[in-house]
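Asker: This is what each chain is made of:
Number of protein chains: 2
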Amino acid sequence: MAAEQVLIGGKWRDAEHNETFQAENPTRKQTLPEQYPISSWSDVDQALAASATAFQEMRQMAVEKLELFLNRFAELLDDNKQAICELANLESGLPISPRLLDVEMPRTINQLRLAAAAAVDGSWRAATIDTKSGIRSYFAGIGPVAVFGPNNFPLAFNGAAGGDFAAAIAAGNPVIVKANPAQPGTTRELVKLAQQAANESGLPSATVQLIYHMANEDGLKFVADHRLGAIGFTGSKTAGLKLKEAADKVGKPIYLEMSSVNPVVILPGALSERGEAIATEFQTSCLMAAGQFCTNPGLVILLDDDQTAKFIESSKKAFMQAPSGTLLTKGVEAGLTQNLKVLIDAGADVEVSGSGEGSSQGYTCPNTLLSTTAEKFLATSEVFQTEAFGNCSLIVKAKNLAEICAVIDSLEGNLTGTIYSDTAGGDDPAYDQVADHLRQKVGRLIDDKMPTGVAVSIAMNHGGPFPATGHPGFTSVGIPASIHRFAALQCFDNVRPNRLPRELQDESPNGKTWRLIDGAWTQDSIG
Amino acid sequence: MAAEQVLIGGKWRDAEHNETFQAENPTRKQTLPEQYPISSWSDVDQALAASATAFQEMRQMAVEKLELFLNRFAELLDDNKQAICELANLESGLPISPRLLDVEMPRTINQLRLAAAAAVDGSWRAATIDTKSGIRSYFAGIGPVAVFGPNNFPLAFNGAAGGDFAAAIAAGNPVIVKANPAQPGTTRELVKLAQQAANESGLPSATVQLIYHMANEDGLKFVADHRLGAIGFTGSKTAGLKLKEAADKVGKPIYLEMSSVNPVVILPGALSERGEAIATEFQTSCLMAAGQFCTNPGLVILLDDDQTAKFIESSKKAFMQAPSGTLLTKGVEAGLTQNLKVLIDAGADVEVSGSGEGSSQGYTCPNTLLSTTAEKFLATSEVFQTEAFGNCSLIVKAKNLAEICAVIDSLEGNLTGTIYSDTAGGDDPAYDQVADHLRQKVGRLIDDKMPTGVAVSIAMNHGGPFPATGHPGFTSVGIPASIHRFAALQCFDNVRPNRLPRELQDESPNGKTWRLIDGAWTQDSIG
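Sequences listed follow chains C and Z, in order.
Numbered continuously in UniProt numbering, the first sequence closes out at residue 527.
Numbered continuously in UniProt numbering, the second sequence closes out at residue 527.
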């Protein structure tokens, strides 16, 4: 069977390649028939060259074309959602309903529409005008963006349709999609629709390009290439750190979302008030989609008392009764098994390792709940922070509040941190103390709910201190903030009025753009 | 003579050190008497520990205290400006008038006052509120900041009073000052006043700490320390890249301003219209302060024609007649001499190497104007971009516009790029072409004036693509934008109203803070 074609410079063509790979159906542990090429450097090189040309054209283009493109792409996704979700289900094992068709596809479409609105609105550019000094600045596209999508969101974080893609395009950058090897078919179908939308909207032919895979060394060369503006990567810490090192060396902005155990602190008042309910929330959040969320509650910290014992008992039952879900790939299964072993070898006790009726027949792992004491955790805190990506969590039992804070202080950066407290105010002093410590370690601080939901909101921060991400000042979810990652600050000093970009001229580009003029935000024109 | 004391944890005390260094008076090439310690790791370690404690206190502190501190420090600088400028002159050779006392000190004081206003105003935090989803976010201090100041602005970029210092404090972070070894005495005096201001304002005792110098390996350990939030560095590319590598490895945000040749393109219409005037501007900008500005016009690109020959003749005369200024240090003299040799060895022709009456008797170098052709430049573009920091510039003569654009395309990132064009519009088509290429390579695009002036403006971008800086999205000059470098994005999801930071509560903190509420910027409270 001939290998699938790559999309380079607007043309679907055979890849330059020596090797191929195949995807798997994780539900049946069956290799899927299509062969996908592992591109040689020359494919990557040509994609980079074409993207540089596309970027040059896009710089001269009206932003209305970006709006047109993103909205048309959203529409095409909506028209083809059934077929795409079926393919995504085949390649990921994630259910069509209630997940792919009901939640993830609508979210993906919504993100593209929000990006379309943001692109044409222009407020994301933070146009800043100092009328007295004649200096004006704004954010503008940074150049071609390479997007490496993860395996756990075949649509909403896909390199060809997800949040990074939408943000990179909204800033006016072409995108080179590096497919996640677990979902090459889904990615191909998304790219086909993106290309159709780009053609219909009059965008350059290399606005979206697709490469399925490349050798590791070519990946390092790719992210360090001078023609690239920036990189968006969501995936494993191991791969992310290698790409980061290569990109950092040449000062190429790389935005990584890598790993997070998402600590959840449950204070005693909350436990006594609604321990059972919290145990249910915990089980649901931890086991949903077999726990394969960036914001899975992987670390639960409580005081070591009778209430906690009860909470653990309830959770154990819930974990035992719940079916274990399908893991995305053989690799995820192997990784989870391996990392559970690391935690157990470090001294964690196994509270549960089991699952209920209806468990997956594909790649899977028993629902696992581990526990340890804060003392043990603190002794080898680095090991105990090992992210076991999947349907498991580690409970840490602390002697007192000081130990809870010490455990938090020992943590690396995380995407989220959650605190449950009682509604009567009894936990408030403890909350204040815990929150001050936790705030420094996480991008998003949450009260009284599990961290798995990541709303698409202008105020969302899906980011956090290293190694959750590569830089604590940026978010990968939430438009328009996420667009900033793929933009450079451009200043115009004494530049003649007719030469200024539309967003920096005296007259407002469209009466809607928020601009900071002489220190005040306004939608008005100057004068 | 006992070595000078370091300021750690609020106490001036003897440094833990084995070695010392001395500063020099570059005007007389005389070693100054004071011995300054090269701190051992234990000094750095203690400073880091104290700064972590200070940061904890500062997080709970009202922002009004930061305002008080920054304004009081500004006032103390004003009260002591004569003595400080005399010391800065002794250690840098920069003239008290018209430079240190007349320009740089007022700029430094102004920056601190702007930072004070920004800290209390709070608009820099970009507080973003989504009332429907209950998600709110803003920027908050990132943690203790290490500031490495450069040698070429003993006051306005000093680690203890300059732009990075002001921005780091305004965000609510303590600062560990790493003095520039060329100006340890000036830095010490600034730190003394900063400490006095901090005490009087009730700030933690370790808000400002001072270390003069440390071994290179300790510097690498310092910037990678987990207790540090971020690093600001202005200085050489060699040192900057080493620190960057160490910080990047552990995901520590490091903001570097390293090197820039600041290309200036002079189009033919401008040359025929006002060639003589531009030659004068060029000479003034290039030789001011012996050319020791980050934004010195080090590369001038023109068409190879009679007008350019005339421009070069005028510039030659001007360079020959101007006195050569004092270079900041012996190291700057050696570096300039060395890098001029690199350019000449690469094939650059020496148009002038000389200077007029009143030239410096200290560290100095003849005013130097080199020239080459675009063809030669393009053949070894990397070598020809060697920054020869000081009173020199390289003229590149191109056959046509396409060659000018090719030269620009071959450049690394720069802080600034300038285009001179005629006022009648004859250069406009050429301008558009050149500007599109140049825009991608620089942080600040300038029309019709030399790049050396860096106004303190809300719209300024003193930044640019690598290796001018480490990230093209940030500026080191211009408040409040510069503050963002030392801040992390913090999101609050479902957090109870009374627990939110003041800036994210429904009620506006002071009626002045600009906040983005449900997509609209406003100074109003909610509801």
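Fair warning: there could be bad hints in the mix.
No copy is singled out in the list; a pair is fine if it fits within one copy or between any two copies.
To be verified - The calculated BS3-like cross-link candidates involving lysine-lysine, where the alpha carbons are at most 25 Å apart (straight line), are: (1) K221 <-> K249; (2) K81 <-> K192; (3) K341 <-> K376; (4) K449 <-> K132; (5) K11 <-> K242; (6) K341 <-> K132; (7) K237 <-> K249; (8) K29 <-> K449; (9) K441 <-> K316; (10) K449 <-> K221; (11) K376 <-> K316; (12) K221 <-> K237; (13) K449 <-> K11; (14) K132 <-> K512; (15) K242 <-> K221; (16) K221 <-> K341; (17) K376 <-> K29; (18) K221 <-> K441; (19) K29 <-> K11.
Simulated from the structure, these hints should not be mistaken for lab results.
All values reported here derive from a predicted model rather than from experimental measurement.
Asker: Hint by hint, note whether the structure agrees.
Answerer: Each hint tested on the structure:
no., hint, result
1, K221 <-> K249, "both (11 Å within a copy, 18 Å between copies)"
2, K81 <-> K192, "within (13 Å within a copy, 66 Å between copies)"
3, K341 <-> K376, "within (16 Å within a copy, 61 Å between copies)"
4, K449 <-> K132, "between (49 Å within a copy, 16 Å between copies)"
5, K11 <-> K242, "neither (31 Å within a copy, 42 Å between copies)"
6, K341 <-> K132, "neither (64 Å within a copy, 43 Å between copies)"
7, K237 <-> K249, "both (18 Å within a copy, 13 Å between copies)"
8, K29 <-> K449, "neither (35 Å within a copy, 67 Å between copies)"
9, K441 <-> K316, "neither (28 Å within a copy, 58 Å between copies)"
10, K449 <-> K221, "neither (42 Å within a copy, 39 Å between copies)"
11, K376 <-> K316, "within (21 Å within a copy, 74 Å between copies)"
12, K221 <-> K237, "both (18 Å within a copy, 22 Å between copies)"
13, K449 <-> K11, "neither (47 Å within a copy, 45 Å between copies)"
14, K132 <-> K512, "both (23 Å within a copy, 22 Å between copies)"
15, K242 <-> K221, "both (11 Å within a copy, 21 Å between copies)"
16, K221 <-> K341, "neither (34 Å within a copy, 33 Å between copies)"
17, K376 <-> K29, "neither (38 Å within a copy, 60 Å between copies)"
18, K221 <-> K441, "between (32 Å within a copy, 21 Å between copies)"
19, K29 <-> K11, "neither (33 Å within a copy, 66 Å between copies)"
The structure fails hints 5, 6, 8, 9, 10, 13, 16, 17 and 19 (numbered hints given earlier, in ascending order).
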